[in-house]
Amino acid sequence: MAIDFVAAAGATALFGPSGAGKSSVVGVIAGLVPVGAARVVVDGTVLTDTERGIHVPTEQRRLGLVFQDARLFPHMTVRSNLNYGLKRAQGAGIRFDDVVELLGVAALLDRRPHTLSGGETQRVAIGRALLAQPRLLLMDEPLASLDAERKAEILPYLVRLKQALALPIVYVTHALDEVLAIADTLVLLEHGQVRAVGSVADMTARGDVPLAARDDAGAVLEARVAEHHPARQLSLLRAGPLPLWVPLVTGALGTRLRVRIPAREIILATEAPIGISLHNILPVLVVQITEDAVRHTAMVELGTGELRLLARITPDAVARLGLQPGKPVLALVKAMSVDVLR
Amino acid sequence: MVFGLPVAIGLAWVLARCRFPGRAVLDALVHLPMVLPPVVVGWLLLLLLGVRGPVGAWLHDWFGIRLVFTTQGAAIACAVMSLPLMVRAVRLSIEAINPGLEAAARTLGAGRLDRFLTITLPLSLPGVLSAAIVGYVASLGEFGAVITFAANIPGETQTLPLAIYSALQTPDGEATAAKLALVSILLAVVGLAVAEWIGRRARAAIGHRV
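Line order of the protein sequences matches chains A and B. Heads up, the first sequence is in this note's numbering, so the first residue is 145 and it goes up one at a time. Heads up, the second sequence is in this note's numbering, so the first residue is 34 and it goes up one at a time.
Quick caveat, the hints were computed from the structure, so don't treat them as lab data. Check the hints yourself; a few may be wrong.
[As the list claims (entries may be wrong)] Take a look, some chain A residues computed to stay more than 12 Å from chain B by CB distance:
(1) V179
(2) P218
(3) L429
(4) Q432
[Said to hold, decoys possible] Which stretches of chain A does chain B cover? Using the computed rule of at least three CB atoms under 8 Å from a CB of chain B, they are:
(5) 193 to 199
(6) 228 to 241
(7) 270 to 276
No experiment lies behind these values; they were computed from the predicted model shown. C-beta atoms are modelled at their ideal positions from N, C-alpha and C, and glycine is treated no differently.
The shape of chain B in the complex, shown without the other chains (with noise of 0.2 Å):
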């Protein structure tokens, strides 16, 4: 979720704000990972950050960093699977901006970053928080993606939902599968709660009437 915010926000802005050639492009690249299958976005994570894909051989090159079947490849694979929820959430926020708003800031003096950072950026503060509490929390149940690109190495890269299926796949293993799972939800319920409390706080702070 860490990497994956910065590059929602700034997808979801770019999407929202400009218009150029191929953005319709963009716009159905973003929302991939939400239509393919999991495993096939695993798979495309494979082929470009494995050892001998073409990101994936130069980070190992240059810089001795393997992605696959890591903690942090795990990590990236949540990113990637829940960049799609976290871009349409900071958009959607972008563009309920009154964009007088920023015609008025135009007025004033102010320029393209200076307007994002002190307009744009704030104004949009609920959605931005509510992509980040619902990244994570998507991010916590992706399962096909991350025993594709990461497998399922405990202690290493066996998320919940990973951990909950190597259960079920032991003999008496449904014990802790159910404790797992009920894991799972109460972090699922407990996230959109969090999610909602700060969308409110947020909302209030930038004088809507909530």
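So here's chain A without its partners, still in its complex pose (with noise of 0.2 Å):
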């Protein structure tokens, strides 16, 4: 295994299909894991270092862990288990009351770990790992034992506790829905080796990663809404420089968004339609173009100024239409099709 990566600040997802590696990452950066040759350092403080011999004791290095499983103690209260990490933690920063606020599990104080559901679990477990005082929050895979619901449940909880504390986040997921709620910076990994590392927004857009050949490819924005037309139950959100019309949404102006384009659902043109339902007919530039013959696909990446999107199209349509790199065309985008993520 050889993987190798810097996590800036904000949400790092290492991202790939089981067995790629990811949790034994999370597992050597906690120092849980014994390793042959490896480096972690945090925060500038060098944890593990075989080459030096340097390997700080686990308890020492506080960094959260969310385990899969949870891992509540089971003879203690919820209050107790939350309370765990806190009594041996240095600082105190993050507050008792804020964590139990900001995951909803103050009803829960007084309950036995077996009693509670499989998402009252989780967020305790978070709870518990926050109020350790970490520099660091490790996830692995915490919601992949919740069903499609409980997820949904626990997902907005966990995008708030990001905006809420300016808490760097490494998350280990095979799940992109995970991944496009709540990472900043990507990490693509495959069979023990880091495929490519980028933006959320900068990977999603290219047609070259593993990525592009999901049927769930597309190009995450980030976007802030711009105005309002109830009468026409219709809202417009601005996306860097392009302006993007979708189905109304709820929040005040300005609010920041995160949305997704899928790649199927962009049509090129090469003079804009009229007489036609589409509301976004977005002018933008041929970036690259990559043909996969096999699965018979073009991946076409698209730019305008920073901004990138992705369409599949078939290589029939990139001949027909004579697209090439730098050739300007139209994205045809309906306003259902744009996916509002948070």
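If you follow the hints, you should be able to join the two separate chains into one complex; please do so.
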């Protein structure tokens, strides 16, 4: 396994299929897993350096770890579980009441772990890791054992958490929806190797990474609510220079949203169509085309300014329209096709 | 049992959680009393703790303590004989704890002793309590080692089994023997029942469905 990456501030997702080595990375960062050769540096402090024989014991690393199976202590109440790390921590910046409120576990404080539902258990596990005053939060597939409903319930909590506490997060998952909801940086892992590293916006707009071959491939954009038009049941968002019409959303003007435009939903045109139901006709430039002869698809990377989009069309269409890097085209996107993520 | 339990817990933890060369030897030594004839165990105790043995001489010369043929000696013989059972019970309990919980405790800042006291011990409590009671009950029945090391001194080192044996040796002692035997049986049954009950309560307290 050869993994090498630098996680900046914000949330870094380690993403890849099962067996790609993701959980091992977390184990090594936490100091729980012995490894042949490694160097782990957090916040300027060297925690592991096999070459120089440095290995700081796990209990002194001040890293929070949320496990896939929660691992709440069964012989203690929720409150005692939450306080376990707090009692042994240095510093008190993250407060008990704030965490309880952030994760919505006030009603559970005097209960025993075995009486909690899966979602409640994970929220308590996250709270417990936070209260240990970590300088980095490691989350190892924390939502993997939850069904879609429970996941949908918890994801908003994680997003709130990320926004409320300025805590760097390393998040391991094989679920793209989690990555898209939370991550800023994406580390793509495959067979124990780092395939690519980049911001979520960049990585999702690339046609040459395994991400692009997914059915749900599509560029993720950061946008702001610009206008609401309740009479027309539409809202106007701005993603960089691009205006995006979407069905009416809630949220005050200026609210930041993350949206995804699925690659298969983008139609490319060399002329603006008329008499059509489309709301979004976006002028962009072709940046790069990656063809896949096996799957008979062409991934076309489009750009305007710093913004990137990804379209999946047939190689035949590429030829018919004479698409090549640098050519201006129109990207047609239905308002209905824009996925508002949060 | 009072001596025996902490020793049993310590040994069980070492055997369950540590890896070191000679671990198999320690394991075998701990099980020795279970496997050897009790009289041989008693004889070994005489060898070590008797007034002329290595440990016994040191105790006698430095502290004036004599263990052979005393009540304390009888207690030690019982403790040694029941040690293997206690160690097994505690060890099984410790091994049954999800090691993931200890890893979680480490990430939350708990060092070794801290983890032992706050996680391992409380979670192995059902096993420890069972061990304590089973150890007590088993040592009540100890005969061979006690009579060899502590002799059969009425009022001092005459345990129940010894008393029953003596009663059977004397003419018309069958009635006494029968009464004593009944007491033994009752103690054993009650002991096991209490062990079971305490085990259940303890398991419920740590959250397993009983």
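Hints and how they fare:
1. V179: Consistent with the label, V179/A stays out of reach of chain B, its closest Cβ about 15 Å off (over 12 Å).
2. P218: violated, 4 Å
3. L429: holds, 48 Å
4. Q432: Check passes; 43 Å lies beyond 12 Å.
5. 193 to 199: violated (count 0)
6. 228 to 241: holds (count 4)
7. 270 to 276: holds (count 3)
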